[in-house]
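The primary structure of each chain is shown beneath.
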Amino acid sequence: MSEKIATRDVYGKTLVELGRTREDIVVLDADLSKSTKTALFAGEYPQRFFNMGISEADMMGTAAGLAASGYISFVSTFGVFAAGRAYDQVRNSIAYTRLNVRIVATHAGLTVGEDGASHQTLEDIALMRVLPNMTVVVPADGYQTRQALFELVDYPGPVYLRLGRPKVPRVILEGTVFQVGKGQLLKEGRDVALIATGIMNGMALEAAAVLKGEGIDAAVVNIHTIKPLDRRLLSEVAADTGAVVTAEEHSVIGGLGSAVAEVLAETCPVPMLRVGVKDSFGESGAPDELMQKYGLTSFHLVEAARSVLRAKKKKEGRPPK
Amino acid sequence: MSTLSVAEIENLKSTARKLRRDIIEMVYRAGSGHPGGALSVLDILVVLYYKVMCIDPASPQDRERDRLVLSKGHACPALYAVLADLGFFPSDWLWELRKTGCPLQGHPDMRKTPGVEMSTGSLGQGLSAANGMALAARLDNSGRRIFAILGDGEIQEGQIWEAALSASHFRLDNLTAVLDYNGLQIDGWLRDVKSLEPVAEKWKAFGWNVLEVDGHDYTSLLEAIKKALEHRGAPSMIIAHTVKGKGISFMENQPDWHGKAPGEEEYRQALAELDTQEGEGVR
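Protein sequences appear in the order of chains A and B. Using the numbering used here, the first residue of the first sequence is number 1, and each one after it goes up by one. Using the numbering used here, the first residue of the second sequence is number 1, and each one after it goes up by one.
Isolated chain B, as found in the complex (with noise of 0.2 Å):
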């Protein structure tokens, strides 16, 4: 894992683009969804899961492999898109998000999708189950690594502090969480409902080693991530500045989009707008 060269991010942008109409065409299908955190989470999948984690699509339930809890559970067609894309499930899956009998449930489940390392949905229990794969993993002297994605929103949930605190007096290492700070929850922007800030300075006094960056910067994210696997004594923090929505531009910045499906012609604008930024080469 070094630093990107100009065809590696080339590459990860192309992946990203595609992985977005994945989303689109899923929460389209589905009729039901959450593409706005789905999108402003992507990104960090993408980095972590193409250029960061080890793990076998041919034998997901390898014992050393990474492991990656999506805590902001709503967010699962951007984990699906990657998931399928990896190889983990087929594809056809994607279209049946939702529908009764598919594997692919509204929020992620481990006995039904493989990949899914922990089910989630109720938010502000991942972090948690990922401190305890960490504990795990330190049992067993692995050296496997323990990534949890936390939603803005999300931690303003109790149990997140709790787990916060944990991580820090079990002096979990091995532990890296990457907060989608998006500043969107359901009922409007984060300042306006429950601010979190300052929330660097809140991890920190928890006893987190604590990151800031741009989530959507492929080279910014990973160079992150390599500081936050190097970091020894203490769990790490990822802050992602995110925009909700990213990539179609009417549904960026709009609370709006939080949990609602594209009509017909909302679909077909989204669709298009991806298809010009192939054209352009831009995200």
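Same shape as in the complex, but just chain A (with noise of 0.2 Å):
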């Protein structure tokens, strides 16, 4: 593993370099470019990048505007912000329209952390997958983010990705590639499926470790793009394990748990168990306090698959009807 990065520090950078070669690329925020680091952006292609003020419907609206024009508008803010404060400007003006604008929104989650719970979106991924004609990303580390940003810049319609703020470890090897709508088998395993997004696919690797010293055989499936989801993939793991842990920095209502919980329960119901916060706002705190505080962490995945596991069994020991 190598050094930590944010995935926002990586968008900065991304951005910067794609600027070069695409002239059609303008860039908003709204007073956080520092933070968002935008702000990179800016520095290089000031013609290009439009600071909006603490003014996010506004912002929405403007970057409709510019992609109506032909342009492709990357917009950012923290998450709590762009999906709920302008969250009808994002439907009516972005998605409705199906405008070139990408949403990359960071600080995203409880790693927030001591700004506390006005400022932790956990429920951003719910809100952005019920809109019609969204694609929503969750990269799982900084080398994924830019290559998720390459891939992005020309892909049909709005676009929501959600970043975070702490810096956070390298999962994704070199070389793998990213495909929207395509999850990724980053550990092949038997016996129990660990799906995790974003930040939480650390976790679940560190977890499939450990599991692995209790003679458990886990598979750790990184689903980055939650809509479109990638039903092929996760219906085949499902059935090839019979046992499930979905694994998010989000609420387990509407987000990742939700998504795969509404596919396969289609496909091929199993045992399931969801990892991520149950229904409630976060508070202030170091990150890695609230983690383990609201059940977020590797240990956390263990005993859910451990649980889930039991369950699997006890199904399969009932006898035919």
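Please note: incorrect hints may appear among the correct ones.
[To be verified] If you want a taste of the chain A side facing chain B, the calculated C-beta under 10 Å gives, among others: (1) I5; (2) D9; (3) V16; (4) L32; (5) M60; (6) Q89; (7) T97; (8) S280.
[To be verified] Far from chain A, some chain B residues (derived; all Cβ distances over 10 Å): (9) D92; (10) K194; (11) T219; (12) A234.
Since the hints were derived computationally from the structure, they do not count as laboratory data. For each residue, glycine too, the CB sits at the ideal point set by N, CA and C.
Two independent chains are provided; combine them into the complex using the hints.
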């Protein structure tokens, strides 16, 4: 594992890289450009950067107008404001219109840390994935963030890209291909599938290592694209393992866990548990401590895996009708 | 674009009477819709579309075209009547307004209807989109002009004032907004629900070049638009004083006609009134 890096730092650098050759890229921010790292683009290409001030609703509409005129609009602010505060603007001016707006939301989830619940969005995946036309991507690490940005520049229609605040470890191996809507089998396994998104992939790999010590062979699947969801891969791993645990830095309502449950209920129902925040707001604290307190660590994934394996055994032991 | 001759004014009046008939016919056949605000905004659209804007119905996606965002999307029967008359789509579509499968939605949809530049309907969003189009025109070094039509009730939305700050901050002098100030909103008179006054001072304070006109007088409207287009360094706001339900006596200044279709008797009466006006040569 190489050095840790924040996905938002990669975003800032990659935008500059993309802007060099792509003159049709414009970037908008709402007074958070130093935090979202769009300030780097602003420094290089000031004519194509618009600081909209603290006006997220207006920013979404302006991005739509630029996109309607042929530009590719990258819009950045914290996730809580992008998906929550400006929801109707995202819905009506961006999703309904199918415009090429890339909403790159940083500071998603509990790992915002000390700023507390007002700034920790645990609902954004749910809010964005329910919108028709919207593509929702949550990269696992910095490496995947760069790959996703290159892939999403020309992806048709609106996109919500969810990034975080803290530095996170590298989990994606060099050369791993990124394709929108295509899940990644990070580790094969026969007994249980750990299906993760975003920074939870690192914890899923750790959990798989712990489980191996107990003689449990866990698969790890990275679902970086929540929408469109890789239904085929999910159904396959569910059928192969017969037990599923999902993991997300998001509410268990409406996010990855819900999306996976929706698919598997229709294609391959198996015992399943969702690891995520249990229908509650976050609070102030150190990111690591919050992840511990709200049940989002490799330890919690191991526990969930053991539990879901018990349910699987019980199901298998059930006598046929 | 010079001053209007008497003949030109008569032509515009005649066009507007025809479009008012279309609006009544559309809403009557649809059985629902918003005749009041469509009739108040119509003369503004007539001047812009027939005397000001550079557009070509044969190539509705031409990058260099002028753009108009109808932010008060519920007034779309007026916009549809204009676009059909100009040839953006077949007139037959008008009679299917709001019907399942018809490209003419209850509120404008840019993906379904040629000539519609932005999907609107959820109030307060169109000015931001128009700002984005104005910024794009500047990035393109293009002389194309952007117009935004706002409802008076609509500017009670906070996003309008965010956008008002943006347009003046970015000195969007290629943007002209027109306020359809008919004084009525769904629940009654604006002055009773939530007053805008002093509205001209508000836009001035936000850094806009503000003009005020009779929104049913073609000469004054055209003059104001010309001044707005010539103004440099700031966006322009034309406050157009209008009459909700304009042209149909029993709809004028009646809040009930904000979002209601005429019944058969009212439909006949409305058309008869427009016929009489045609005969008398009045608007």
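Verdict on A234/B as a residue remote from chain A, using beta-carbon distances over 10 Å: A234/B clear of chain A: closest Cβ-Cβ about 17 Å, beyond 10 Å.
Interface hint compliance - D9/A to chain B, C-beta minimum distance less than 10 Å: 27 Å, violated
Verify the interface restraint on I5/A: the C-beta must sit less than 10 Å from at least one C-beta of chain B. 32 Å, violated
So, T97/A near chain B? Judge it on the closest CB pair being under 10 Å. With Cβ-Cβ at 5 Å, under 10 Å, it holds.
Less than 10 Å between beta-carbons is the criterion; does V16/A satisfy it with respect to chain B? With a closest approach of 18 Å, the V16/A hint is violated.
Confirm or reject the statement that T219/B sits farther than 10 Å, beta carbon to beta carbon, from all of chain A. Given a closest Cβ separation of 31 Å, the condition holds.
Would the least Cβ to Cβ distance between D92/B and chain A come out above 10 Å? 25 Å, holds
Minimum Cβ distance from Q89/A to chain B below 10 Å? Cβ of Q89/A sits 6 Å from chain B, so the hint holds.
Can M60/A be said to touch chain B, with a Cβ gap under 10 Å? 7 Å, holds
Should the interface hint for S280/A be scored as holding, given a Cβ-Cβ cut-off of 10 Å against chain B? 30 Å, violated
Per the CB criterion, is L32/A less than 10 Å away from chain B? Check failed: Cβ of L32/A comes no nearer than 16 Å to chain B, outside 10 Å.
Assertion that K194/B lies outside the chain A interface [Cβ separation over 10 Å]: Given a closest Cβ separation of 19 Å, the condition holds.
This entry does not satisfy hints 1, 2, 3, 4 and 8, going by the numbered hints stated previously.
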